[in-house]
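Novice: Taken in sequence, the protein lines are chains D and X. The numbering of the first sequence is the numbering used here, which starts it at 99 and goes up by one. The numbering of the second sequence is the numbering used here, which starts it at 99 and goes up by one.
Just so you know, these hints were derived from the structure itself, not from any lab. Do not rely on the hints blindly, as some may be mistaken.
Said to hold, decoys possible - Below, simulated DSSO-like cross-link-like pairs (lysine-lysine); rule was C-alpha separation at most 27 Å, straight line: (1) D:Lys-513 / D:Lys-616; (2) D:Lys-292 / D:Lys-512; (3) D:Lys-576 / D:Lys-608; (4) X:Lys-338 / D:Lys-558; (5) X:Lys-608 / X:Lys-289; (6) D:Lys-343 / D:Lys-148; (7) D:Lys-616 / D:Lys-512; (8) X:Lys-616 / X:Lys-558; (9) D:Lys-558 / X:Lys-343; (10) D:Lys-343 / D:Lys-305; (11) D:Lys-512 / X:Lys-148; (12) D:Lys-247 / D:Lys-148; (13) D:Lys-292 / X:Lys-338; (14) D:Lys-374 / D:Lys-225; (15) X:Lys-532 / X:Lys-513; (16) X:Lys-305 / X:Lys-368; (17) X:Lys-292 / X:Lys-576; (18) X:Lys-343 / X:Lys-289; (19) X:Lys-305 / X:Lys-292; (20) X:Lys-602 / X:Lys-247; (21) D:Lys-513 / X:Lys-558; (22) X:Lys-532 / X:Lys-576; (23) X:Lys-558 / D:Lys-338; (24) X:Lys-513 / D:Lys-558; (25) X:Lys-148 / D:Lys-148; (26) X:Lys-343 / X:Lys-374; (27) X:Lys-289 / X:Lys-338; (28) X:Lys-374 / X:Lys-338; (29) X:Lys-292 / X:Lys-247; (30) X:Lys-602 / D:Lys-343; (31) X:Lys-602 / X:Lys-576; (32) X:Lys-292 / D:Lys-558; (33) D:Lys-532 / X:Lys-512.
Read off the chains here:
Number of protein chains: 2
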Amino acid sequence: MSALILALFSAIICCSVTEKPSNVSSPNIIIMLMDDMGWGDLGVFGQPAKETPNLDAMAAQGMLLPNFYTANPLCSPSRASLLTGRLPVRNGFYTTNAHARNAYTPQEIVGGISEDEILLPQLLKKKGYINKIVGKWHLGHRPQYLPLKHGFDEWFGAPNCHFGPYNSNSTPNIPVYNNSEMVGRYYEEFKINKETGESNLTQIYLKEALDFINRQTQSQRPFFLYWAPDATHAPVYASKRFLGKSQRGWYGDAVMELDDSVGQILSRLKSLGVDKNTLVFFTSDNGAALVSGPNQGGSNGPFLCGKQTTFEGGMREPAIAWWPGYIQEGTVNFQLANVMDLFTTSLALAGISPPDDRILDGLDLTPVLRGSQAPRTLQNRPIFYYRGNELMAVRLGQYKAHYWTWSNSWEELKKGINFCPGQEVPGVTTHEQKEHTMQPIIFHLGRDPGEKYPISVLTKEYQDVLSRITPVVLQHQKTLVPGYPQLNMCDVAVMNWAPAGCEKLGKCLKVPKSDPKKCDWPH
Amino acid sequence: MSALILALFSAIICCSVTEKPSNVSSPNIIIMLMDDMGWGDLGVFGQPAKETPNLDAMAAQGMLLPNFYTANPLCSPSRASLLTGRLPVRNGFYTTNAHARNAYTPQEIVGGISEDEILLPQLLKKKGYINKIVGKWHLGHRPQYLPLKHGFDEWFGAPNCHFGPYNSNSTPNIPVYNNSEMVGRYYEEFKINKETGESNLTQIYLKEALDFINRQTQSQRPFFLYWAPDATHAPVYASKRFLGKSQRGWYGDAVMELDDSVGQILSRLKSLGVDKNTLVFFTSDNGAALVSGPNQGGSNGPFLCGKQTTFEGGMREPAIAWWPGYIQEGTVNFQLANVMDLFTTSLALAGISPPDDRILDGLDLTPVLRGSQAPRTLQNRPIFYYRGNELMAVRLGQYKAHYWTWSNSWEELKKGINFCPGQEVPGVTTHEQKEHTMQPIIFHLGRDPGEKYPISVLTKEYQDVLSRITPVVLQHQKTLVPGYPQLNMCDVAVMNWAPAGCEKLGKCLKVPKSDPKKCDWPH
Numbered sequence: 099m100s101a102l103i104l105a106l107f108s109a110i111i112c113c114s115v116t117e118k119p120s121n122v123s124s125p126n127i128i129i130m131l132m133d134d135m136g137w138g139d140l141g142v143f144g145q146p147a148k149e150t151p152n153l154d155a156m157a158a159q160g161m162l163l164p165n166f167y168t169a170n171p172l173c174s175p176s177r178a179s180l181l182t183g184r185l186p187v188r189n190g191f192y193t194t195n196a197h198a199r200n201a202y203t204p205q206e207i208v209g210g211i212s213e214d215e216i217l218l219p220q221l222l223k224k225k226g227y228i229n230k231i232v233g234k235w236h237l238g239h240r241p242q243y244l245p246l247k248h249g250f251d252e253w254f255g256a257p258n259c260h261f262g263p264y265n266s267n268s269t270p271n272i273p274v275y276n277n278s279e280m281v282g283r284y285y286e287e288f289k290i291n292k293e294t295g296e297s298n299l300t301q302i303y304l305k306e307a308l309d310f311i312n313r314q315t316q317s318q319r320p321f322f323l324y325w326a327p328d329a330t331h332a333p334v335y336a337s338k339r340f341l342g343k344s345q346r347g348w349y350g351d352a353v354m355e356l357d358d359s360v361g362q363i364l365s366r367l368k369s370l371g372v373d374k375n376t377l378v379f380f381t382s383d384n385g386a387a388l389v390s391g392p393n394q395g396g397s398n399g400p401f402l403c404g405k406q407t408t409f410e411g412g413m414r415e416p417a418i419a420w421w422p423g424y425i426q427e428g429t430v431n432f433q434l435a436n437v438m439d440l441f442t443t444s445l446a447l448a449g450i451s452p453p454d455d456r457i458l459d460g461l462d463l464t465p466v467l468r469g470s471q472a473p474r475t476l477q478n479r480p481i482f483y484y485r486g487n488e489l490m491a492v493r494l495g496q497y498k499a500h501y502w503t504w505s506n507s508w509e510e511l512k513k514g515i516n517f518c519p520g521q522e523v524p525g526v527t528t529h530e531q532k533e534h535t536m537q538p539i540i541f542h543l544g545r546d547p548g549e550k551y552p553i554s555v556l557t558k559e560y561q562d563v564l565s566r567i568t569p570v571v572l573q574h575q576k577t578l579v580p581g582y583p584q585l586n587m588c589d590v591a592v593m594n595w596a597p598a599g600c601e602k603l604g605k606c607l608k609v610p611k612s613d614p615k616k617c618d619w620p621h
Numbered sequence: 099m100s101a102l103i104l105a106l107f108s109a110i111i112c113c114s115v116t117e118k119p120s121n122v123s124s125p126n127i128i129i130m131l132m133d134d135m136g137w138g139d140l141g142v143f144g145q146p147a148k149e150t151p152n153l154d155a156m157a158a159q160g161m162l163l164p165n166f167y168t169a170n171p172l173c174s175p176s177r178a179s180l181l182t183g184r185l186p187v188r189n190g191f192y193t194t195n196a197h198a199r200n201a202y203t204p205q206e207i208v209g210g211i212s213e214d215e216i217l218l219p220q221l222l223k224k225k226g227y228i229n230k231i232v233g234k235w236h237l238g239h240r241p242q243y244l245p246l247k248h249g250f251d252e253w254f255g256a257p258n259c260h261f262g263p264y265n266s267n268s269t270p271n272i273p274v275y276n277n278s279e280m281v282g283r284y285y286e287e288f289k290i291n292k293e294t295g296e297s298n299l300t301q302i303y304l305k306e307a308l309d310f311i312n313r314q315t316q317s318q319r320p321f322f323l324y325w326a327p328d329a330t331h332a333p334v335y336a337s338k339r340f341l342g343k344s345q346r347g348w349y350g351d352a353v354m355e356l357d358d359s360v361g362q363i364l365s366r367l368k369s370l371g372v373d374k375n376t377l378v379f380f381t382s383d384n385g386a387a388l389v390s391g392p393n394q395g396g397s398n399g400p401f402l403c404g405k406q407t408t409f410e411g412g413m414r415e416p417a418i419a420w421w422p423g424y425i426q427e428g429t430v431n432f433q434l435a436n437v438m439d440l441f442t443t444s445l446a447l448a449g450i451s452p453p454d455d456r457i458l459d460g461l462d463l464t465p466v467l468r469g470s471q472a473p474r475t476l477q478n479r480p481i482f483y484y485r486g487n488e489l490m491a492v493r494l495g496q497y498k499a500h501y502w503t504w505s506n507s508w509e510e511l512k513k514g515i516n517f518c519p520g521q522e523v524p525g526v527t528t529h530e531q532k533e534h535t536m537q538p539i540i541f542h543l544g545r546d547p548g549e550k551y552p553i554s555v556l557t558k559e560y561q562d563v564l565s566r567i568t569p570v571v572l573q574h575q576k577t578l579v580p581g582y583p584q585l586n587m588c589d590v591a592v593m594n595w596a597p598a599g600c601e602k603l604g605k606c607l608k609v610p611k612s613d614p615k616k617c618d619w620p621h
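From just these sequences and the hints, can you work out the full model?
Specialist: Written as structure tokens, this is what we have:
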């Protein structure tokens, strides 16, 4: 077949796809959420090894957002916020067991995503979207909390973190689901070799994504794909083809495989002719887990500390928006933004009104993506940094005020758990919970992205900033209605002993006696 | 004049330039050496503010070298090494006054670049090159040490750092030279406003560069331009147009102005049609001076500590090579390289044999620039990290072994001088000089660019690495012949009281009585 004929064929395919104008008002949405990947892990954000050519190209074809944040320095609350558009303290993904603690959803957790929360796929569904999650769910693993109960049409992945291997006596291995039934367990049917770092799980998650994109494109229905692979969360893994290929050890190998997968997904969108009708947003759930470094942890670039902390290293995320023809290629936008904005932005793109019966923390980023003037609410928007239900810090413009500081306790530090290895800023990375509500520690993140040089309280600059930040904080706290805390209770009986589908596989385990107690959240 | 005629004219100009084939074998060479600019200050190396569009474009059109080093964590020795192709311990730019101290050329220094050293412009001259230095010299300010005595045909700039203002009684202000005579002094004819950060010096240094390029292109003689502006060395400055324009304070303003200047120089090469006959190499003299941060200091990205130290932050430098048509655009090369290679590479490009009566530390990088297979000597080359005449550390491949560690003394630290603010790696960023020669501290810089996780001495990896690094160190030390230390003696009488040309300007000051003593090098 000559090139000319090929071109003609392409033109026909192209036109048959773009014929339906309804699709243009309902663009496909792909959110790629990495696990524990840091701001500094991408070449385009300064990783010295420069091993992310596909992500760097994605940035060159799209928009880089250097001031993008998660909603929490830990996985579950961050993911709950992405899908609800609300801070964890509102959607219930927090604990009140102790002051200012991070909490998540290990398999002994009793709670999960409340039925009162409205998730993004539930809303998209109204406009005919088909919704799929691939990878880690993390909003509760008990039956009522699973993705297909909360708006997703399809799911391939696991409800919890891929920790293990477990013995199936005191702890079951984490199940992997295909839609509403388990199809195996990590370390059993879905192997991860902790000695060699080998696993082909990213390839499986890639195939699930590509197949879904193919199917939805063929059926000409708009889709929402939430792609959440977990290869960069310890224990990190990569498939054989990538093992040992990076300059950065196993972690770098995992990053290379994910980068390659991103490249394949973008290529597929192009070859299917739907790239001009699809927003792809790449980010991560929280900062790199420095505690797992160097072989199993990433980089937060110039930022202070990492996962679990409310310093920049814990919550500033790599972020790239890609949508050829809609987003101007090669742009950098300094708008302060966060994962909750992806909720509101997706609704705006799909032409769906956001729920008006609750406070949403996400804002509509479409003016930013289009490159037009951002409205005032967006320009002046603060970023809130929480641990549990305590507001630890606030960013407004270039300034960040810390009202509470804490890295972790001396007790944990003595055990070797260090969220700021090699970093110690006196009075800032404190090992006691230090209150500064009367006189917050303020940094200028432009001059000092590493939060190393507090602005003197004696300066006019300090007083000016404080007088602008204080009313923002007061307004936020006055209107805050905390949700019911879902992450307080743990029970060995709720673990993944007998997930739906276990009977068919002969993989049901005996459920032990219920023994509910307060979960212990040391950080 | 119509566009067509313009195009014809351009073609004529173009052809008259490229007619002389002799020029092709003698490419122009431009080395842009920044002052205290850090690896992390460029957008392409991860600066969050992304305010270096011209340098980022230069990288996109050329080659990025993420593993490029200086020869010393301080200005004068680093610059002496660039121009001699030899380590400071060989070319004499070091001190033996105390153990493992950095030294430089303040205006009370007695020594300078030895007549026995052969400088790059002296060699290039043999092939008809016209050589100019614009900006900071820093190889000694006494008459016998000045640039025009060591191979440069032209100079516009200063012999020392732009510290000041001085009172002209106990200390004179630093002179600015045009060739062999002073034309004024910093803070007097050449203003720097320390209250506002304003100075138009970078604009002057830019104009000097552009004028030189214009003249040499017109005369069709190959040229070497060593462009060494000092705006990012504290006290940092920028001209009015750039002040307050960056997100990063005065330092960022200075970076933006330098970035703009780089863009103008590259544009000029293109518009003159000599871009395909000119190697431009951008780098810095040492790591960012964190001690001057945040308003007057830069960023070393993910690396440990900064200027004055032999950690990566002190000696890893931003580096971009640009030569359209010769260097493949958009490439990243991980070759370990350093400023001394610029000496040897320049000679190779000009077809000049390097001196064979002395040991050169620089290697020929032309295979790297061309993108061809690097010879073994280049592939296996070590990087040496010195303080004074002490070998502090060695890098071989991805591994770095520290034989001595020291950030600075407790005494200096108590004065508030901190080369590692916000960074403290136990046993590594030591405040005593710690010897580890029997059992070096070893890092894997791929997994751990921040030098935060020493490899356990109990591992096979440690033993393997040590067995490879040890013979490299022994061989280096066996053949090392230190030069005469030029940075031991200081004398108030040698300061810039009455530089050549001062009579014409009526700016000669009275020379005080000679009082030579050992210089005090606290770091």
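Novice: If a hint holds in the structure, say so; if it doesn't, say that too.
Specialist: Comparing the hints with the structure gives:
1. D:Lys-513 / D:Lys-616: holds, 22 Å
2. D:Lys-292 / D:Lys-512: holds, 26 Å
3. D:Lys-576 / D:Lys-608: Roughly 48 Å separates the two Cα atoms, so the pair is violated.
4. X:Lys-338 / D:Lys-558: Holds, at roughly 23 Å.
5. X:Lys-608 / X:Lys-289: Holds, because 23 Å separates the two Cα atoms, which is no more than 27 Å.
6. D:Lys-343 / D:Lys-148: holds, 13 Å
7. D:Lys-616 / D:Lys-512: holds, 24 Å
8. X:Lys-616 / X:Lys-558: It is violated: about 46 Å lies between the C-alpha atoms, which goes past 27 Å.
9. D:Lys-558 / X:Lys-343: Roughly 20 Å separates the two Cα atoms, so the pair holds.
10. D:Lys-343 / D:Lys-305: holds, 22 Å
11. D:Lys-512 / X:Lys-148: Violated, at roughly 39 Å.
12. D:Lys-247 / D:Lys-148: Violated: Lys-247 (chain D) and Lys-148 (chain D) sit about 41 Å apart, past 27 Å.
13. D:Lys-292 / X:Lys-338: Answer violated: Lys-292 (chain D) to Lys-338 (chain X) is near 58 Å, above 27 Å.
14. D:Lys-374 / D:Lys-225: holds, 19 Å
15. X:Lys-532 / X:Lys-513: Holds, at about 21 Å.
16. X:Lys-305 / X:Lys-368: This hinted pair holds, its Cα atoms lying about 17 Å apart.
17. X:Lys-292 / X:Lys-576: violated, 48 Å
18. X:Lys-343 / X:Lys-289: Answer holds: Lys-343 (chain X) to Lys-289 (chain X) is near 20 Å, not above 27 Å.
19. X:Lys-305 / X:Lys-292: Measuring from Cα to Cα gives roughly 23 Å; hence the hint holds.
20. X:Lys-602 / X:Lys-247: holds, 21 Å
21. D:Lys-513 / X:Lys-558: Given pair Lys-513 (chain D), Lys-558 (chain X) holds - Cα atoms ~25 Å apart, limit 27 Å.
22. X:Lys-532 / X:Lys-576: Satisfied, since the Cα-Cα distance of roughly 23 Å is no more than 27 Å.
23. X:Lys-558 / D:Lys-338: holds, 23 Å
24. X:Lys-513 / D:Lys-558: Holds, at about 25 Å.
25. X:Lys-148 / D:Lys-148: holds, 17 Å
26. X:Lys-343 / X:Lys-374: violated, 33 Å
27. X:Lys-289 / X:Lys-338: holds, 13 Å
28. X:Lys-374 / X:Lys-338: Distance of about 34 Å is beyond 27 Å: violated.
29. X:Lys-292 / X:Lys-247: violated, 33 Å
30. X:Lys-602 / D:Lys-343: violated, 66 Å
31. X:Lys-602 / X:Lys-576: Cα-Cα ~52 Å, so violated.
32. X:Lys-292 / D:Lys-558: The given pair, whose Cα atoms are some 19 Å apart, holds under the 27 Å limit.
33. D:Lys-532 / X:Lys-512: Holds - the C-alpha atoms of Lys-512 (chain X) and Lys-532 (chain D) are around 24 Å apart, at most 27 Å.
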